[in-house]
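Please construct the entire structure, taking both the sequences and the accompanying hints into account.
Residue numbers (the numbering used here), protein chains in the order written: chain G, -3 to 111; chain Z, 837 to 948.
Each hint should be verified, as a subset may be incorrect.
[Said to hold, decoys possible] Capping the alpha-carbon separation at 27 angstroms, the derived lysine-lysine pairs in DSS-like fashion look like this:
| # | chain 1 | residue 1 | chain 2 | residue 2 |
| --- | --- | --- | --- | --- |
| 1 | Z | Lys841 | Z | Lys943 |
| 2 | Z | Lys851 | Z | Lys893 |
| 3 | Z | Lys878 | G | Lys5 |
| 4 | Z | Lys904 | Z | Lys851 |
| 5 | G | Lys67 | Z | Lys878 |
| 6 | Z | Lys841 | Z | Lys878 |
| 7 | Z | Lys841 | G | Lys53 |
| 8 | Z | Lys894 | G | Lys53 |
[Unchecked claim] From the derived model, a few chain G residues whose C-beta atoms are all more than 10 angstroms from chain Z:
| # | residue |
| --- | --- |
| 9 | Gly12 |
| 10 | Asp22 |
| 11 | Pro57 |
The hints are simulated quantities; they were obtained by calculation from the structure and are not laboratory data.
Virtual Cβ for every residue (Gly too), placed ideally from N, Cα, C.
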Amino acid sequence: NAGVTQTPKFQVLKTGQSMTLQCAQDMNHNSMYWYRQDPGMGLRLIYYSASEGTTDKGEVPNGYNVSRLNKREFSLRLESAAPSQTSVYFCASSEDWREGAYEQYFGPGTRLTVT
Amino acid sequence: QQQVKQSPQSLIVQKGGIPIINCAYENTAFDYFPWYQQFPGKGPALLIAIRPDVSEKKEGRFTISFNKSAKQFSLHIMDSQPGDSATYFCAASAGGYQKVTFGTGTKLQVIP
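Here is the structure:
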């Protein structure tokens, strides 16, 4: 099993450009998440998806949109990138928390720079 | 608004030492407290987790101590090794996955 995969690994954008970060998991997990990691800030939740067909905002959703394409895939879109969105983005997945499965499995991250 | 405060920001110990990382929380609804370990260039991975009905949990060289009345919990690493050098995040959640709040992280360096 590959676990959680993310593409691309690195990306440089100019202010105003758009892009989509891709995430896929092969663990048959119901829940998926997008975080951003900034120095001194820890991990902050951008959006999450409890199950296929549902998405909800996290702590820092402004400037982002998400799509839960199917059970495996959860994408994050930046419509008009800003320098403040320079960060490392992590996708994660977990089994159904309602079954008591809380552990989140993280992908390797996408390092995004917006100039 | 930071709901989980983590300290110290960085820590250097010698091999064999016992680094201690502390976290404090405010939300009394939190009922699950995991610690994640992150190596450079990698995503975080669950290390150990505790629920508030116990005061201590051990897994190998890693121990979580939990003080419900003080709303604090800490990670101890016994007999630390250079391979333990990583960033450690405490976290807390309330009633489900969507409320996971992470601390700001502690960068640990274990020197030989």
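To see whether the hints hold, each was checked on the structure:
1. Distance check on the hinted pair: Z/Lys841 and Z/Lys943 sit about 15 angstroms apart at the alpha-carbon level, within 27 angstroms; holds.
2. Proximity of Z/Lys851 to Z/Lys893 is assessed by CA-CA distance (about 23 angstroms); at most 27 angstroms being required, the pair is judged to hold.
3. Distance check on the hinted pair: Z/Lys878 and G/Lys5 sit about 11 angstroms apart at the alpha-carbon level, within 27 angstroms; holds.
4. About 31 angstroms separates the Cα atoms of Z/Lys904 and Z/Lys851, which puts this hinted pair outside 27 angstroms; it is violated.
5. Between G/Lys67 and Z/Lys878 the alpha-carbon distance is near 24 angstroms, which keeps this suggested pair within the 27 angstroms criterion.
6. Annotation: proposed proximity of Z/Lys841 to Z/Lys878 holds, straight-line Cα distance about 23 angstroms (limit 27 angstroms).
7. A hinted pair counts as satisfied when its Cα atoms are at most 27 angstroms apart, and Z/Lys841 with G/Lys53 qualifies at roughly 23 angstroms.
8. As the CA atoms of Z/Lys894 and G/Lys53 are separated by approximately 35 angstroms, the hinted pair breaks the 27 angstroms bound.
9. The beta carbon of G/Gly12 sits about 29 angstroms from the closest Cβ of chain Z, which is more than 10 angstroms, so the claim that it is off the interface holds.
10. Its beta-carbon lying about 15 angstroms from the closest one in chain Z, G/Asp22 satisfies the requirement of being farther than 10 angstroms from that chain.
11. The claim that G/Pro57 is not at the interface with chain Z holds, since no C-beta of that chain comes within 10 angstroms of its own (minimum 13 angstroms).
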